[in-house]
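Chemist: Below are the chains, spelled out letter by letter.
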Amino acid sequence: MASIATAPGPTPPAAIEAVGINKRFGPVQANRDVTLSVAKGTIHGIIGENGAGKSTLMSILYGYYQADSGTIRVNGREVRMADSAEALSHGVGMVHQHFMLVDTFTALENIVLGVEGGALLAAGLAAARTRLEALQRDYQLDVPLDTVVGDLPVGLRQRIEILKALFRGADILILDEPTGVLTPQEADHLFRILRSLKAEGKTVILITHKLREIMDVTDAVTVMRQGTVVAEVRTAETNREALAELMVGRKVATSHTRGAAAPGAAFLTVSDLAVRDDLGVERVKGISFTVRAGEIVGIAGVSGNGQSELLEALSGIRVPSRGTITLRGTTLTPAALDARRLREAKVAHVPEDRQRMGLITAFDADESAILGYHRSSAVSGAALLKRSTIVERCRDAMQRFDVRPSNPRLRTSLFSGGNQQKIVLAREIDQDPDVLLVGQPTRGVDIGAIEFIHRRLLALRDAGKAILLVSVELEEILALADRILVMFDGHLVGEMDRSAATERRLGLMMAGIAEEAA
Amino acid sequence: MEDTLGLIVSLAAATLRVATPLILAALAGMFSERSGVVDIGLEGKMLAAAFFSASTALVTGSAWLGLCAGVASAVALAMVHGLASITYNGNQMVSGLALNVLVAGLTPLLATVWFQQAGRTPTVPNGARFLPVSLPGAEAFGTVPLLGPLYRSVVSGHNVLVYLAIAAVPLAAWILFRTRFGLRLRAVGENPHALDTAGVNVAWMRYRALAIGGVLCGFAGTYLSIGQGAGFIQDMTAGRGFLALAALIFGKWLPVPTLLACFLFAFTDAVQVRLQGVPLPGIGVIPVQFIQAIPYVLTVLLLAGFVGKAVAPKAIGLPYVKSR
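Each protein sequence line maps, in turn, to chains A and G.
For the first sequence, the residue numbers in the working numbering are 8 to 525.
For the second sequence, the residue numbers in the working numbering are 70 to 393.
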């Protein structure tokens, strides 16, 4: 039988379309006259800096917020989305940035929540299990259905969220910053899932601020800035630099021109360091390395391979079980390590999780800006803090580090992620440390701030300081480090110069595959 | 031998009687707190129910109408708590405490105005109370050695509210873990955002949970004034609401462990009654106040040291506000 060619009919209506969306939160216009059109069966990227209005727009498409004005069309039909249940009934499902899961429930219970299929659970759960097993096969979404979600890694939790949306019959899937919490491997798996969804005719909207992801998986991309759409382009017809410029509104250096490192004396020497976590499990298993003056040593690795414990030990937050740390010739034994003493020995620390360990979000910015150094005579008198000095110092630091808004008396939680990170960075760099420990300096930070933070770190290196950088972002390691150490299962499994490093080589080491075998 | 058996039987029967209001109130707290709403107002709801059931029973002569009034008053207070803490996102602790203070003052006042008795109702006649019922065969088997007295005086011989309280425990467990309502109830207390994004109304879930709590508090208060007691007395709940809350925490918000915790508290109370005025070897007679304090001291000790890590519903005490 001859194949019948599809007649070239009129263009099919877009899977989802938003026209003239406006949304205001108090004084902030989060969306201004936003128009978006996503073709059926494509992966469509929405890119923009933090606060550009991407998440607000998606929440409106999902019925979580109501737009002040504007219309939404699904498959060409105008719809009202009064709540998320209504969005689901139109086939729109959302995978939120912060997972909407109940940690104490099993994966299965989480997935059926809201669509249990009857007043009694048993029958509905059994029917759901059958359907889910089919979905898991179709889309490579393997998840243990009967494990409590709180015990699962984030990558799997995200698959549960995707299953949840598909189980509810979503044809249009919105993912909000899905890779922010994922390792490179997990992210790659996610992209495979997204491609298989697309192959099955589903429409995917991917919100992100990572250019690489946009270039890798999307068909078209909408760029947002300050609440408005500034461009809509086909991915094949653009490139990273053009997108970055559209996002930020000015030229951005995505890779820095940098001079060669001129390493000097050893500032930080770690020998045979072992660290246990709260449960007594050894997470760092006897490692040794040196960081010299004027160089950035990057520690690459999939998160959870002991990097966090290493940073905590070096900064005096966690007592190592054995090993020594030598600072400019002074050797410290585990018993002598505490956070205060290390700070006094000119070791500064930008922690991995700024909101939990770097700042107190309920404090004003100027208070957050002296944490850890509040005993210094510059800010503290005999009994009282020198409030006006603290405010002035903070205002000055905010200007030098481009913190916006530069208001020291604003609550820390009101700053965006990038600006919070700059507050931490300013505090630590201003102490003129010999050694700077930096963990995930740009996690959840927008591209403009990333550029700024990277430039400051390089400047510090050029000023002859020793920097130890821990990051799960390979791109970041490659952009900053002069020497790269790879950490896997508590051991250092590789060391190489920046010039010898490639993403592929590092990726294999991070996966624990020895170089000879590779 | 006879004596030991008699002691055991009477302690067990007393434990059951004392435990009843604790069980009902603790279950009330379980529904409310599992939904994410702190229920420090158990005490007030019980006290209101005790007063209104006694008053209604006195006026109408019907224990059942008394129960209805008791339940209605407790549910009404639960809805006030809901209005403050769910609809208006108020502080749940403050709202609950306010109810306790309000009821503690209002009930004696109303009693004085309505019945011209200082802070109490007149004695409720037996016809308007829930009287102990004799289960079939209690007398016939009563003479069987060992099991006879146990059946006659421990299993049989309580009023209907005692049996309802015991039956409420498996029922609550079934609702919580086997029904759609229970799944959503547990979800709303752990992560209301998950429920909201799944298209379920968070506020409506919480109101229903509070209403169930109100009904159970209504039973508990009614039991105090026209089941176990025969009339309302000022502050007759005497901290049982807080004890129930402690049992709930000790029982980690789970039905059966909470039941056991209630039994433990009730048992120490039954023992303290027994110990009053009894000289202890080597110590002599301990002042009654110290003996009476035993259940409360035990509560503090258990909660402070022996509970282990009680993991509360994660969203407890937090008003639900949509946000990122």
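If you're looking for bench data, these hints aren't it; they were derived computationally from the structure.
Do not take every clue at face value.
As the list claims (entries may be wrong) - Listed next, the stretches of chain A that the computed footprint assigns to chain G, with coverage defined by at least 3 CB atoms under 8 Å from CB atoms of chain G:
#1 122-128
#2 381-388
Claimed, not checked - Label pairs and their calculated CB-CB ranges:
#3 A:P412 x G:G386: 28 to 34 Å
#4 G:N270 x A:P20: 53 to 59 Å
#5 A:P20 x G:L387: 28 to 34 Å
#6 G:G386 x A:R136: 30 to 36 Å
#7 G:G159 x A:R394: 20 to 26 Å
#8 G:L387 x A:A134: 29 to 35 Å
C-beta atoms are modelled at their ideal positions from N, C-alpha and C, and glycine is treated no differently.
Chemist: Hint by hint, say whether it matches the structure.
Modeler: Here is what the structure says about each hint:
1. 122-128: holds (count 6)
2. 381-388: violated (count 0)
3. A:P412 x G:G386: 28 to 34 Å: 32 Å, holds
4. G:N270 x A:P20: 53 to 59 Å: 32 Å, violated
5. A:P20 x G:L387: 28 to 34 Å: 42 Å, violated
6. G:G386 x A:R136: 30 to 36 Å: For G386 of chain G and R136 of chain A the Cβ distance comes to about 34 Å; the hint holds.
7. G:G159 x A:R394: 20 to 26 Å: Violated, since G159 of chain G and R394 of chain A (Cβ atoms, about 33 Å apart) do not stay within the stated range.
8. G:L387 x A:A134: 29 to 35 Å: At roughly 34 Å between Cβ atoms, A134 of chain A and L387 of chain G fall inside 29 to 35 Å, so the hint holds.
Of the numbered hints listed earlier, those contradicted by the structure are 2, 4, 5 and 7.
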